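Protein chains: 2
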Amino acid sequence: MKTFFLLAICCIVVRLHAQPGIEIFDRHIEKNGAQILGDFATLLSYPNVAADLPNINKNAGYIVAELKKRGVEAKLLRMVGTPPIIYGYLPAENSDRTLALYVHYDGQPVDKTRWKNDPWKPTLYDQALDKGGKVIPMPKASDQINSEWRLYARSAGDDKAPIISILTALDAIRENNLKITSNLVFFFEGQEEAGSQQLRRYLEDHRELIDEIDLWMFCDGPVHQSGKPQLVFGVRGVTGMEITIYGSNRSLHSGHYGNWAPVPGQLISKLIGSMKDDDGNVIIDGFYDDVEPLNAIEIEALANIPAIDEALKKELGLNDTEGSGSLYERLLYPSLTVRGLSSGNVGTLARNVIPSHATASLGIRLVKGCDPEKMKDLVEEHIRKQGYHIVREDPDEETRLKHSKIARVTRGSGYPAARTSMNDKFAKMVVERARQVTNDDLILLPTLGGSLPLYLFTDILDKPAIIVPIANHDNNQHAANENLRIANLWYGIKLMGGIMTMK
Amino acid sequence: MKTFFLLAICCIVVRLHAQPGIEIFDRHIEKNGAQILGDFATLLSYPNVAADLPNINKNAGYIVAELKKRGVEAKLLRMVGTPPIIYGYLPAENSDRTLALYVHYDGQPVDKTRWKNDPWKPTLYDQALDKGGKVIPMPKASDQINSEWRLYARSAGDDKAPIISILTALDAIRENNLKITSNLVFFFEGQEEAGSQQLRRYLEDHRELIDEIDLWMFCDGPVHQSGKPQLVFGVRGVTGMEITIYGSNRSLHSGHYGNWAPVPGQLISKLIGSMKDDDGNVIIDGFYDDVEPLNAIEIEALANIPAIDEALKKELGLNDTEGSGSLYERLLYPSLTVRGLSSGNVGTLARNVIPSHATASLGIRLVKGCDPEKMKDLVEEHIRKQGYHIVREDPDEETRLKHSKIARVTRGSGYPAARTSMNDKFAKMVVERARQVTNDDLILLPTLGGSLPLYLFTDILDKPAIIVPIANHDNNQHAANENLRIANLWYGIKLMGGIMTMK
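Those protein sequences? They're chains A and B, same order as listed.
Positions 7 to 509 (our numbering) are the ones given, in order, by the first sequence.
Positions 7 to 509 (our numbering) are the ones given, in order, by the second sequence.
The hints are simulated quantities; they were obtained by calculation from the structure and are not laboratory data.
Be a bit skeptical, because a hint or two may be false.
Because identical chains share one entry, a pair is satisfied inside a single copy or across any pair of copies.
What the hints assert, rightly or not - Think about it this way: if two alpha-carbon atoms lie no more than 25 Å apart in a straight line, the pair counts; the simulated SDA-like pairs of lysine to any residue are:
id, residue 1, residue 2
1, Lys-411, Thr-365
2, Lys-140, Gln-483
3, Lys-74, Val-116
4, Lys-391, Asp-284
5, Lys-74, Gln-392
Small disclaimer: the values here were computed from a predicted structure and weren't measured.
Please work from the sequences and hints to get the whole structure.
If you want it as structure tokens, here you go:
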């Protein structure tokens with residue numbers, strides 16, 4: 007008891023005094039709010055679709071210059087025909103700890119007809135558009151800024167908010183004579199929304215620039231649906247496959263042949279239906295076998311996530327969900343979903359034919375431990391167990407006449423899940439600092455349900471990597487009218503500043 | 007033994023002497039072949055899409071005039087805005103037997119870009135186009151006519167061949183001083199290819215014209231796939247339904263929600279999969295309960311149909327078929343086929359989403375005994391047994407939140423099967439006569455797999471009805487390059503003449 011008590015005292019002391027206060031960043035924001043918003047609007051005014059290289063280069067040039075202004079050794083890593091990586095390095099005095107901040111400066115392509123304003127003419131609103139927000143002028147230096155305002159522009163949330171947060175945090179540190187406490191690597195990608203096709207090669211080609219990094223932080227994605235800040239320790243992997251089942255070599259009249267000719271829509275239904283039980287659990291042999299279990303700290307974190315299932319079910323119009331367990335528990339397992347089903351026609355186009363084939367597109371999400379190729383092997387093995395002969399191309403006549411059940415399987419590409427332990431030394435430091443920034447109102451998520459190629463860092467580079475989101479959850483990421491809630495920008499600045507100055 | 011022997015002698019005598027010979031029609035064809043083909047080409051030159059009323063009326067006017075020329079009391083039965091029925095009556099001397107010949111003079115709409123020639127400019131070929139046929143000029147009176155020639159035009163096979171056959175048979179009868187032996191009713195419909203929507207009303211409105219009919223003969227459809235002539239005693243009925251299964255009220259990201267959100271493509275697969283066993287037999291309770299069994303003569307007829315299964319499987323690229331039993335046996339049962347399946351996207355359009363819904367379109371073919379509404383009730387009952395709440399419209403939020411499994415069922419219209427007993431007195435006479443025309447090489451089919459609204463005659467008018475096809479099986483019915491093989495035209499003339507003059 008006594009030991010515990012002393013330890014508790016120590017902790018409180020540490021939390022009150024050991025770390026430079028976050029309030030410095032609060033004051034900086036209060037004093038410079040209008041200037042920060044103006045700088046953010048400038049950053050957002052550069053069109054940034056990855057395929058548009060001239061504009062992508064303008065983005066990169068602007069951001070490099072801004073980093074340099076703040077003392078960062080910044081440069082562009084280039085590969086012909088691809089958006090450059092913005093690489094920056096800022097050494098700390100007397101620290102052998104190196105932290106990397108990953109951001110992407112490209113954005114999703116836009117359909118301007120669906121936007122209220124030009125996506126690259128940042129527009130300030132007094133609240134969210136769907137709550138009846140009205141346009142307001144950008145604030146002047148003396149104006150009061152309401153943190154519920156929103157700035158609308160492509161990449162306001164995904165993913166330029168971390169860039170302005172980092173630049174502002176560096177300003178605040180310099181103006182307040184603070185010191186950064188870790189060596190910092192800035193790694194800003196320019197083709198994330200286009201699939202990060204060259205990311206692996208960039209990493210391999212510039213290994214010497216990133217080898218000393220102790221922790222990668224992916225400043226991307228939104229905070230928790232509840233609106234609370236979160237740190238995320240993993241992502242699911244992703245792959246997929248397509249299955250086509252064959253009937254006759256042409257569509258048949260359902261009268262002349264119905265009850266005799268094989269019905270591909272029926273066969274594929276039986277096949278897909280056989281992959282899950284009535285509760286939605288996958289019953290393909292071995293599908294859950296490689297799932298890596300959580301450790302104690304992760305189980306505890308999971309228990310502390312606010313319950314969102316009931317609200318989510320209401321929002322989505324669902325009485326029930328697959329399997330048993332909460333959303334966050336279910337995301338810790340691989341998933342098998344039907345992305346698409348197609349055979350013949352439905353609705354007014356439906357005709358009295360037996361179509362010649364039926365196709366199902368399956369999505370597979372992977373968790374830590376699952377190999378993408380092995381998972382597809384398991385599905386294929388299941389298909390074989392249902393009596394199917396598997397082919398890779400449309401079957402020829404000989405194959406058709408030889409096998410009563412034929413499935414063409416096309417294996418999709420993909421990549422594995424990634425997860426960093428919540429016990430990781432550097433990750434724990436960031437958690438501690440984020441708790442200060444958030445007044446202890448922080449969610450720790452073992453994994454996102456979605457996928458990012460985080461495995462490049464955790465499994466290929468063999469470094470811990472966590473996700474550090476800043477944007478509001480309703481930022482309309484990837485869609486029209488993307489926006490950032492100003493309170494989330496302030497949070498981003500404090501979080502970046504806090505991390506840069508943590509002991 | 008003795009009795010049997012005597013009976014056999016009688017039969018032979020009857021077949022050798024009792025019926026006027028078919029050879030008269032052979033000679034008529036030999037003498038008038040070029041004229042017949044010319045008249046057929048004239049008949050086929052009238053565009054005859056049901057929706058094109060001005061041209062449909064020209065067809066009707068031409069045909070009525072041709073009937074009148076041959077002594078038929080012919081007229082048009084009219085209903086505003088619909089193609090008229092051509093009705094004709096030709097009384098026999100001293101007969102109380104009345105036979106009706108149904109034909110339809112309208113044809114399927116055409117896509118001229120897919121036709122080798124204008125569909126309404128009949129073109130003669132020396133053999134089938136897909137066998138390398140070449141255009142030849144229409145024959146002159148003295149020319150030899152090859153019965154493998156083909157005349158290409160819309161409705162050459164479906165369904166103007168019986169009209170020219172009837173007109174020519176009447177000519178042959180008159181020119182050879184034969185007598186018709188039954189009162190004849192000619193009933194030529196003008197909207198069969200548009201769905202016969204007004205047929206029932208026409209029949210009801212003109213009951214007095216058709217009440218005395220002893221046997222309806224439907225001169226439509228092709229002869230047997232083996233090329234042999236056939237008489238058909240029934241058709242399957244047809245109906246259908248569409249089932250939509252609901253997941254969330256919007257498409258969901260398969261990463262954020264996969265393994266938690268219901269997957270409509272999975273649910274509909276399980277549902278459709280549950281409707282048949284692994285052999286393709288329907289396992290919906292009661293689905294086969296009302297099937298009316300065949301009698302001895304029908305079972306014998308079935309045994310005498312040439313075996314086509316193996317050839318058909320080879321042609322269609324099939325190693326196996328549904329259930330056990332031959333095609334013709336399987337057609338004696340109701341069928342359940344998946345006309346269409348749809349959810350999300352497949353192929354290059356597939357996205358990592360969980361679609362909000364999945365839809366299946368089901369086709370149901372019915373046999374004698376099955377009620378279309380009851381069959382759909384059985385499918386609905388099966389859906390309920392799988393735990394679904396059935397709705398008729400998209401579910402509202404309250405319904406969504408109340409039920410874990412929701413299926414919207416849309417019931418299609420349809421009509422029952424029809425079958426005339428092979429023991430029917432008048433049908434047996436026609437069979438006997440057709441055996442003479444075909445030198446006993448005749449197939450008797452208890453039912454077609456396809457559907458026609460024959461029930462209007464068998465069940466509503468309560469008259470026997472049989473199908474008397476004339477066209478070659480490869481006449482490209484409903485498609486481009488429809489054609490009639492000249493040998494089938496000669497067969498039609500002889501069959502019509504034979505029926506008109508049978509004792």
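*Classify it for me, Lys-411 with Thr-365: is the Cα-Cα distance of at most 25 Å met within a copy, between copies, both or neither?*
Classified as both: same-chain Cα gap 14 Å, cross-chain 24 Å, threshold 25 Å.
_Within, between, both or neither: how does the pair Lys-140, Gln-483 come out at a Cα-Cα threshold of 25 Å?_
within (20 Å within a copy, 64 Å between copies)
*With identical chains treated as interchangeable, where does the CA-CA distance between Lys-74 and Gln-392 reach 25 Å or less: within a copy, between copies, both, or neither?*
neither (62 Å within a copy, 65 Å between copies)
*asked:* At most 25 Å between CA atoms: does that hold for Lys-391 and Asp-284 within a copy, between copies, both, or neither?
replied: both (20 Å within a copy, 13 Å between copies)
_Within, between, both or neither: Lys-74, Val-116 at alpha-carbon 25 Å_ = neither (30 Å within a copy, 71 Å between copies)
Hint violations for this structure: numbers 3, 5, all remaining hints satisfied.
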